[in-house]
Amino acid sequence: MIATRESYGNILIELGKENKDIVVLDADLSKSTKTAGFAKHFPKRFINAGIAEQNLMGMAAGLATTGKIPFASTFAVFATGRAFEIIRNSICYPKLNVKIAATHAGITVGEDGGSHQSIEDIAIMRSLPNMKIIVPADDVETRQAVRAAAHIDGPVYLRLGRLGVPPIFDESHTFTFGKGNVLKDGKDITIIGMGLMISKCLKAAELLKQEGISARVINISTIKPIDEELIIQAAKETKRILTVEEHSVIGGLGSAVCDVLSTHYPVQVVKIGMNDTFGESGKPEELLTKYGLTVENIYDTAQKTVNSKK
Amino acid sequence: MEPMKIYANQLRIHIINMLAAAGSGHPGGALSAADLLIYLYFKEMKIDSEDKDNPDRDRFILSKGHAAPVLYGTLAMKGFFNTSELTNLRKLGSFLQGHPDMLKVPGVEMSTGSLGQGFSASVGVALGGKIDEKSYRIYTLLGDGELQEGIVWEAAMAASHYKLDNLVAIIDNNGLQIDGTNDEVMKVNPLKEKWESFGWNVIEIDGHCFTEIERSFKQAKEVKGRPTAIIAKTSKGKGVSFMENQVGWHGVAPSEVERAKAIEELERNIR
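Chains as they are written, first to last, in the UniProt record's numbering: chain A, 1 to 310; chain B, 1 to 271.
A few of these clues could be false.
As the list claims (entries may be wrong) - In silico BS3-like pairs for lysine-lysine, Cα to Cα no more than 30 Å straight-line:
no. : chain 1 : residue 1 : chain 2 : residue 2
1   : B       : K221      : A       : K44
2   : B       : K78       : A       : K95
3   : A       : K44       : B       : K224
4   : B       : K163      : A       : K31
5   : A       : K95       : B       : K104
It should be emphasised that the hints constitute simulated quantities derived from the structure, not laboratory data.
Just chain A, same shape as in the assembly (with noise of 0.2 Å):
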């Protein structure tokens, strides 16, 4: 089990080493946000911010312009809350190669409680124009992801969590930006998840399974611009979609799967996530049986949503 936040600042310290340009900024959050190892091989090439967030992703910017690839990096709700308007006008609008990455997102940041848990972020920064938006699963996709990140010309959104993961992809996977991968083929419905939620999705679908349910299981990484062929080919071949996230089911994964599928090919989409709530104090796990991120309730909201339908 390790954090994608770990495995974020593992590999920025390999791509530091390979490409001098990469510069690393926090709002003083190193130690929790992973970058202290950066700041510590490379202390010319980490800019400390302070607790100042506008100022973090404004000089983020200005340092792009001078031909660096900066990884802006604090807490999700601040990222994206606090600073939207200097990503919107001094990163996205100009187009400015500037990389956000945004640990502690989702209510898996625990006992802090609501005013630290960001369950928006995504909804947020879908809206920007040039934005990219990547929600690694595990170890292995966000070293990938983040190299990937690094040489794509333009803003990207990185969302990274605190709480460890287990491995869902070996070695030899390969994370390629805007696709996504079926983890386990199906028929009579397809999952969708993202992030920390892609190991509960199959674990559902092996239970499914033993049920008689035959359910595929789709892993979304690339929020934005996210893999329309392969959501329009599940919605032809199952009929039935379930989208879990640990977001808002307003305006992140489940919302991206409609907005493709009311478009290109309608079928039932019911959405697992955050129901128009904050969230609140509590253990990681507790929050996420309290809100219905679970096995158990991806299980039966699919068997259900099959079961309704024939």
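Chain B: place on chain A using the hints.
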């Protein structure tokens, strides 16, 4: 008459003409900064429109982006594009957007318009210069009302923390903003003490006096280990008597009659 004065007056004529053609925009804060921009682009900065991407060039960022006409006029006069384009300001399909867009306008170093953000980006550019050990300098122009934005002080803190002596912030201190004087709307004074307490070298000048402008840039270059703020006392609407120091001329374009009257006055000044 010295060439700088002639250029500045010519720039003011461009500003009035392009705003009248656009039918909207911000004359007051564009006219107040004309002398500063002319000096920067024609005397101070190492830039060349024929080699505009040279990594060693000096940079100017207009943080008070609503004063776009003063930047567009200067860039056109400096050869970045044809002056005949200026009257397309704010028109559909024109590259001259209402606020500076770096993807569209040659010579614009940063897209600005949302106040405080250009200054923050300037600090990033200055950091980039330090990391690469380049000798280029960064000049950024802020409005005094703009200083009410919190990001300005975040950026001011960072610039002095990182000892960015390659950065010069110029405050266009005309004292007026949309709803009234700075003191009425939200007191930003005392400016000198504020910037000094944030660790900046501060120089106060008359922003319409070329001798003082020259002296301040020279002094800024000599200061090592900290950034410089030049507080330039200016008159909003400078050069057009009926616009000078009038709050009402912040964001209103001149009518044809007003345009003709302003141009007549500005041309008289050149003769």
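Now the hints, each set against the structure:
Restraint check for K221(B) and K44(A): the C-alpha separation of about 23 Å stays at or below 30 Å, so the hint holds. The hinted pair formed by K78(B) and K95(A) meets the criterion: a straight-line CA distance of about 26 Å does not exceed 30 Å. Pair hint K44(A) plus K224(B) holds up; C-alpha atoms about 19 Å apart against a cutoff of 30 Å. Straight-line distance between C-alpha atoms of K163(B) and K31(A) comes to about 25 Å, which keeps the hinted pair within the 30 Å bound.
Distance check on the hinted pair: K95(A) and K104(B) sit about 12 Å apart at the alpha-carbon level, within 30 Å; holds.
Every hint from the earlier list agrees with this structure, and none is contradicted.
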